[in-house]
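J.: These are the residues of each chain, in order.
2 protein chains.
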Amino acid sequence: MSKIIDLTAPMFEGAPTMPMDPKMSLTWHCSVETLGYNLSRLTTSTHKGTHMDAARHFLNNGECIDEVSLDRCVVRAVKADLTAKKPGDPINPADLAPYEKYIAQGAAVLLHTGWDKKFPEMSFFSGFPYVSKELADWFVEKKIGMVGMDMPTPNGTDWKYVHIKMLGAGILIVEGLAEMERLPQNMLFTFYSLPLKLQERDGSPIRAIAILD
Amino acid sequence: MSKIIDLTAPMFEGAPTMPMDPKMSLTWHCSVETLGYNLSRLTTSTHKGTHMDAARHFLNNGECIDEVSLDRCVVRAVKADLTAKKPGDPINPADLAPYEKYIAQGAAVLLHTGWDKKFPEMSFFSGFPYVSKELADWFVEKKIGMVGMDMPTPNGTDWKYVHIKMLGAGILIVEGLAEMERLPQNMLFTFYSLPLKLQERDGSPIRAIAILD
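Protein sequence lines correspond, in order, to chains A and B.
At the far end of the first sequence sits residue 227, using this note's numbering, and the numbering has no gaps.
At the far end of the second sequence sits residue 227, using this note's numbering, and the numbering has no gaps.
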């Protein structure tokens, strides 16, 4: 029997967001008492909480989220343990060296810093360990298909460089993962990150899970 | 190599909805030209398009969508071919008889009527073949875990009876599936329907897929 591990942050009314992003709203539209059933209205950024970036997020001629082929969303993956990183530390190619044998097998890499524990404080959105420009370049050299992370975004300063470098090379970026401490060390598992089918859009919230064989 | 089949209807600005539901909106919040990146704002019902109902949709003390255990969302499933049904026809236990051997193995059942081809016309939302009260009772007797369908809802008239009967018995309901003609006949596959982690809510849009072994 397979084991399913949930790697998703919760979505709720008033959940904090990046300062420039649409506010999140999740409210009751009707109820058992009014229309006979409970039904909610969700308003969210396409990049809220646990979500996937498509190339269109930074590239006007890039692939949209509904164009991402699903075999790139169900992938073998490995966790990189980066929990020794301090706030504001760069994550560099040397930090990924212990996982290179898995990466050589074509696996996605999930960067585990533990930063998700800051959520839902606003401090979640700044000062996190970050993907250096050198690491973005290295991921592109390694031709990996996906980078996931428990930070809200890979890099708060050189965000344009890092996003464009990776998205432009066909790397999917999954941000805002949670509870990666539940994932095993030094073994491959299957990672599922299926975006909503949002036509001609830039990203999507997802329910991210891992399944251990 | 596994084969992934997408069973999801697209979501887009102004997509038609059930008349009493929140309108769907999917618009640009900012762009590469304004803030340096493209990002959208989505407003949707929790029951738009391809989506999952939790018991809380009809039962005030029922399980919420974020409480549904994920091993009930990744399940063995079989397609029931109901494409011979005409508009307004009931779907009865006798129609499911050819699939009883799969159901006996604990599989979810996906009802394929072909009605999804009406979308995005408003005629999609009424006059569809429907899950009869007898069939809802039969699903409960069979103790199945999930019923999926390509209609917008199981029953337009006895909607309260059918929903409460099934949801109250712990059956997950997945509505608004699409393109089930792509699924194989008379064989089990794995069906993935992972809801967003919407805290204490009634349902969620999903990206529904099947994976063939």
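Treat the hints with care, since some could be wrong.
Pairs involving identical chains hold if they fit within one copy or between any two copies, as the list cannot separate such chains.
Once the Cα atoms are required to be at most 30 Å apart in a straight line, the calculated DSSO-like pairs of lysine-lysine come out as [as the list claims (entries may be wrong)]:
id	residue 1	residue 2
1	K174	K17
2	K132	K17
3	K115	K37
4	K115	K17
5	K99	K147
6	K157	K179
7	K156	K99
8	K156	K37
Keep in mind that the hints were calculated from the coordinates and are not lab data.
J.: Among all the numbered hints in the text so far, which are the ones the structure does not match?
T.: 1, 3 and 8
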